[in-house]
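In this text, residue positions in the sequence shown follow this note's numbering: the first is 1, and each later residue adds one.
Calculated from the structure, these hints are not laboratory results.
Values in this document were obtained by computation on a predicted structure and should not be read as measured data.
Note that beta-carbon positions come from the ideal geometry of N, C-alpha and C, so glycine has one too.
Errors might be hidden in some of the hints.
List of simulated lysine to aspartate or glutamate pairs, EDC-like, C-alpha gap at most 20 Å [as the list claims (entries may be wrong)]:
id: 1; residue 1: Lys109; residue 2: Glu77
id: 2; residue 1: Lys142; residue 2: Asp166
id: 3; residue 1: Lys109; residue 2: Asp178
id: 4; residue 1: Lys12; residue 2: Glu28
id: 5; residue 1: Lys12; residue 2: Asp50
id: 6; residue 1: Lys12; residue 2: Asp104
id: 7; residue 1: Lys121; residue 2: Glu57
id: 8; residue 1: Lys121; residue 2: Glu141
id: 9; residue 1: Lys142; residue 2: Glu120
id: 10; residue 1: Lys108; residue 2: Glu138
id: 11; residue 1: Lys109; residue 2: Glu83
id: 12; residue 1: Lys109; residue 2: Asp159
id: 13; residue 1: Lys142; residue 2: Glu122
id: 14; residue 1: Lys12; residue 2: Glu120
id: 15; residue 1: Lys108; residue 2: Glu28
id: 16; residue 1: Lys121; residue 2: Glu138
id: 17; residue 1: Lys109; residue 2: Glu57
id: 18; residue 1: Lys108; residue 2: Glu57
Each pair of labels, with its calculated beta carbon distance range [said to hold, decoys possible]:
id: 19; residue 1: Arg144; residue 2: Leu5; range: 15 to 25 Å
id: 20; residue 1: Thr129; residue 2: Asn23; range: 14 to 24 Å
id: 21; residue 1: Ala185; residue 2: Arg144; range: 47 to 57 Å
id: 22; residue 1: Leu5; residue 2: Glu122; range: 37 to 47 Å
id: 23; residue 1: Glu103; residue 2: Glu4; range: 38 to 48 Å
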Amino acid sequence: MATELEIMAHAKSYIDSLAGGINPLNGEALPESDIVNQVRISRCLFYVSDVLRQVIENGGIGKPSSPRMVPFSLTEEQLSRFEYSDSSLTASAILGRINALTEDTRMKKLTYRSVASILEKEGLLARFTNSQGRMRREPTEKGRMLGITMERRSGPNGDYTVAVYDRNAQHFLISHMDQLIEAAAQPSEKTAADEAEPES
Numbered sequence: 001m002a003t004e005l006e007i008m009a010h011a012k013s014y015i016d017s018l019a020g021g022i023n024p025l026n027g028e029a030l031p032e033s034d035i036v037n038q039v040r041i042s043r044c045l046f047y048v049s050d051v052l053r054q055v056i057e058n059g060g061i062g063k064p065s066s067p068r069m070v071p072f073s074l075t076e077e078q079l080s081r082f083e084y085s086d087s088s089l090t091a092s093a094i095l096g097r098i099n100a101l102t103e104d105t106r107m108k109k110l111t112y113r114s115v116a117s118i119l120e121k122e123g124l125l126a127r128f129t130n131s132q133g134r135m136r137r138e139p140t141e142k143g144r145m146l147g148i149t150m151e152r153r154s155g156p157n158g159d160y161t162v163a164v165y166d167r168n169a170q171h172f173l174i175s176h177m178d179q180l181i182e183a184a185a186q187p188s189e190k191t192a193a194d195e196a197e198p199e200s
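Please put together the full structure from these sequences, using the hints given.
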């Protein structure tokens, strides 16, 4: 019979898969329209996963410990398991799939800041202030040629636009994984654009 900790670990593996847009029962990518691919749901799943991690590492009882987190990294074999999508994905969905490739619960997660940093340096994204006075990022002409476009969506708070990445743009990000990891390791204050970018 499985122990309580084993059951928790199993539940956590399911949650990690769902957070990355993967069906935990068969390992297949879930449709982009699936509710788990909504950024709020994905964030909640990652949060619950981290809580479970702390409980498991503490033996399942008492106050969770706060182990030292290690920088994000992936082996070539892990990276080769990235699930590309023929449909355009948001940066959050792509990051969810990347972060789900590692099972190391002590590892920091890649964030949008590192993606935006690389794309801005490559001239693929540019910052601008929208009509509400909020800083945003949109693809440049070079970015649109790569496969980054703006898509209008509807949410609980009304309509909004978000940058999405087609299969070619997804390949670009994965091929620049070393730079993404390096950017994630650099200390940097979160900007207004970083705060505004989540797809909600």
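Quick rundown of the hints versus the structure:
1. Lys109 with Glu77: 18 Å, holds
2. Lys142 with Asp166: 14 Å, holds
3. Lys109 with Asp178: The given pair, whose Cα atoms are some 14 Å apart, holds under the 20 Å limit.
4. Lys12 with Glu28: 18 Å, holds
5. Lys12 with Asp50: Within the cut-off at roughly 9 Å; holds.
6. Lys12 with Asp104: 12 Å, holds
7. Lys121 with Glu57: 39 Å, violated
8. Lys121 with Glu141: Judged against 20 Å, a Cα distance of about 14 Å means the pair holds.
9. Lys142 with Glu120: Roughly 11 Å between the alpha carbons, so the hint for Lys142 and Glu120 holds.
10. Lys108 with Glu138: Distance ~27 Å between Lys108 and Glu138 Cα, so the pair is violated.
11. Lys109 with Glu83: Given pair Lys109, Glu83 holds - Cα atoms ~18 Å apart, limit 20 Å.
12. Lys109 with Asp159: The hint is violated at about 29 Å.
13. Lys142 with Glu122: Judged against 20 Å, a Cα distance of about 9 Å means the pair holds.
14. Lys12 with Glu120: Not satisfied, since the Cα-Cα distance of roughly 35 Å exceeds 20 Å.
15. Lys108 with Glu28: Violated, at roughly 25 Å.
16. Lys121 with Glu138: 14 Å, holds
17. Lys109 with Glu57: 18 Å, holds
18. Lys108 with Glu57: Holds, at roughly 16 Å.
19. Arg144 with Leu5: 15 to 25 Å: 49 Å, violated
20. Thr129 with Asn23: 14 to 24 Å: Check failed, 40 Å falls outside 14 to 24 Å.
21. Ala185 with Arg144: 47 to 57 Å: 29 Å, violated
22. Leu5 with Glu122: 37 to 47 Å: 44 Å, holds
23. Glu103 with Glu4: 38 to 48 Å: For Glu103 and Glu4 the Cβ distance comes to about 20 Å; the hint is violated.
Violated hints, listed in ascending order, are 7, 10, 12, 14, 15, 19, 20, 21, 23; each of the other numbered hints is respected by the structure.
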